[in-house]
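*Asks:* Turn these sequences into a full structure, and let the hints steer you where they fit.
Chains A and B, in that order, are what the protein sequence lines are. Numbering that gives the first Met the number 0 puts the first residue of the first sequence at 0, with every later residue one more than the last. Numbering that gives the first Met the number 0 puts the first residue of the second sequence at 0, with every later residue one more than the last.
Simulated from the structure, these hints should not be mistaken for laboratory data. Glycine residues also receive a C-beta, built at the ideal position from the N, C-alpha and C atoms. Heads up, a few of these hints could be off.
[To be verified] Derived lysine to any residue pairs resembling SDA-like cross-links, with alpha carbons at most 20 Å apart:
{"no.": "1", "chain 1": "B", "residue 1": "71", "chain 2": "A", "residue 2": "168"}
{"no.": "2", "chain 1": "A", "residue 1": "216", "chain 2": "A", "residue 2": "168"}
{"no.": "3", "chain 1": "B", "residue 1": "71", "chain 2": "A", "residue 2": "25"}
{"no.": "4", "chain 1": "B", "residue 1": "71", "chain 2": "A", "residue 2": "17"}
[Claimed, not checked] Computed beta-carbon distance windows for the label pairs:
{"no.": "5", "chain 1": "B", "residue 1": "70", "chain 2": "A", "residue 2": "71", "range": "20 to 28 Å"}
{"no.": "6", "chain 1": "B", "residue 1": "64", "chain 2": "A", "residue 2": "42", "range": "14 to 22 Å"}
{"no.": "7", "chain 1": "A", "residue 1": "31", "chain 2": "B", "residue 2": "90", "range": "47 to 55 Å"}
{"no.": "8", "chain 1": "B", "residue 1": "63", "chain 2": "A", "residue 2": "74", "range": "36 to 44 Å"}
{"no.": "9", "chain 1": "B", "residue 1": "48", "chain 2": "A", "residue 2": "49", "range": "22 to 30 Å"}
{"no.": "10", "chain 1": "A", "residue 1": "35", "chain 2": "B", "residue 2": "63", "range": "56 to 64 Å"}
{"no.": "11", "chain 1": "B", "residue 1": "76", "chain 2": "A", "residue 2": "0", "range": "55 to 63 Å"}
{"no.": "12", "chain 1": "B", "residue 1": "64", "chain 2": "A", "residue 2": "25", "range": "52 to 60 Å"}
{"no.": "13", "chain 1": "B", "residue 1": "65", "chain 2": "A", "residue 2": "84", "range": "52 to 60 Å"}
{"no.": "14", "chain 1": "B", "residue 1": "70", "chain 2": "A", "residue 2": "5", "range": "21 to 29 Å"}
{"no.": "15", "chain 1": "B", "residue 1": "65", "chain 2": "A", "residue 2": "49", "range": "54 to 62 Å"}
{"no.": "16", "chain 1": "B", "residue 1": "70", "chain 2": "A", "residue 2": "73", "range": "52 to 60 Å"}
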Amino acid sequence: MRTLIRWAARLYPPAWRNRYAAEFDALLDDISPSFGDVCDVLGDVLRVRANTSIDACLMLAPVPPINLRLPVFASLTVHAVMITIVLFAVWGHVTTMPLHIVAPLPPPAPEPPPQVTDGRVFPNALTLYSSLPLKIPAQGGALPVYVADGVGINFLSLPDIGATYRQGNAEWRVWPGQALESFIVRRVLPEYPRGSNAHGAVSVFVEYLITRGGSVKVLRTSGPPPFAGAAQLAIGRWVYQPLEYENRPCEVVSRVEVRFDSELARSGFSP
Amino acid sequence: MEAKQESSIITPGVVTMQDPTILILASLADGDKHGYAIMEDIHVFAGIRLGPGTLYGAICRLEQRGWIRAVKSEARRQPYRITAAGSQHLKEQLALLGQVVRTGNRRMREA
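*Replies:* As structure tokens, then:
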């Protein structure tokens with residue numbers, strides 16, 4: 000154990016060994032060392048080594064004053080020259096730089112309502128208002144609402160729903176038929192033209208205008224004459240409540256499909 | 000009375016003061032001693048056996064602070080002597096320790 004401690008003592012720094020090695024060795028001859036003493040020496044070796052390293056790190060290296068001043072002087076000189084060059088380079092730009100005051104942009108003007116300029120629109124203001132194909136395919140979007148005595152009325156899905164058409168002082172908005180259901184006052188169902196010898200289903204598409212007073216004016220129809228006449232006669236007798244848009248009275252255009260079925264008419268079908 | 004109480008508290012095996020520098024200074028207070036003598040003296044009056052590493056680590060620090068100094072000797076065993084600064088430091092530390100002892104005893108009586 001004594002030998003082990005002597006080996007451990009060799010781990011001390013040279014300065015420590017030069018100063019205390021002899022008396023430390025004499026001390027080991029006087030005592031009966033144990034394993035705890037080995038650990039004690041090793042712990043003290045670590046402490047001394049750590050303190051020595053920290054002291055070495057904290058100790059400033061001796062630097063001659065001339066060696067210290069020369070780099071500082073050179074650095075200051077270079078920095079001063081660079082700053083001077085930059086100032087000369089940008090001074091003219093800085094003093095002549097125009098100052099732009101940007102006025103705030105005016106608020107964007109409200110977009111005007113869509114104005115239809117298509118020449119085909121309103122070719123006849125009293126009968127037509129749009130160039131959209133009146134006969135709309137029946138697939139999808141058609142809602143059968145009323146069927147009686149072989150006659151049914153479908154509300155059509157309108158591709159220009161919500162659009163506003165203007166000509167002069169006239170302003171019409173396109174509303175779907177189902178949206179107008181809560182405003183209707185009187186509905187007259189068309190009668191199947193008994194003198195017709197048509198077989199199967201016949202569709203008549205009707206485009207109509209609801210005036211500001213609520214009366215209905217048929218704008219145009221599409222279909223065989225006896226059926227179109229029957230549809231126009233009935234729908235022209237419909238009455239709605241006066242309609243408003245943005246708190247202003249307005250005229251509304253809508254479209255429906257009137258479907259005549261000869262089989263149902265003969266059987267007197269009525270749901 | 001208080002001195003008697005202090006002496007009864009500083010009894011070998013009872014004091015748990017772990018600062019070896021104070022123990023070494025106290026050991027050197029009554030005369031010069033080398034390392035082994037210091038170790039044995041501390042074991043007698045404090046009941047603490049210092050390891051060789053702890054002992055010489057503390058001796059190194061005390062010598063660097065100027066609280067002890069080596070006495071010239073031809074023998075392998077190097078005796079040490081407490082300096083005036085070491086004596087002053089020891090007095091301060093013992094006074095502080097005595098204050099702690101007195102305060103502790105008083106509060107124990109009042110409890």
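*Asks:* A separate judgement is required for each hint: does it hold in the structure or not?
*Replies:* Evaluation of the provided hints:
no.	hint	result
1	71(B) <-> 168(A)	violated (127 Å)
2	216(A) <-> 168(A)	holds (18 Å)
3	71(B) <-> 25(A)	holds (16 Å)
4	71(B) <-> 17(A)	holds (16 Å)
5	70(B) <-> 71(A): 20 to 28 Å	violated (50 Å)
6	64(B) <-> 42(A): 14 to 22 Å	holds (21 Å)
7	31(A) <-> 90(B): 47 to 55 Å	violated (35 Å)
8	63(B) <-> 74(A): 36 to 44 Å	holds (39 Å)
9	48(B) <-> 49(A): 22 to 30 Å	holds (25 Å)
10	35(A) <-> 63(B): 56 to 64 Å	violated (26 Å)
11	76(B) <-> 0(A): 55 to 63 Å	violated (20 Å)
12	64(B) <-> 25(A): 52 to 60 Å	violated (24 Å)
13	65(B) <-> 84(A): 52 to 60 Å	holds (58 Å)
14	70(B) <-> 5(A): 21 to 29 Å	holds (25 Å)
15	65(B) <-> 49(A): 54 to 62 Å	violated (23 Å)
16	70(B) <-> 73(A): 52 to 60 Å	holds (55 Å)
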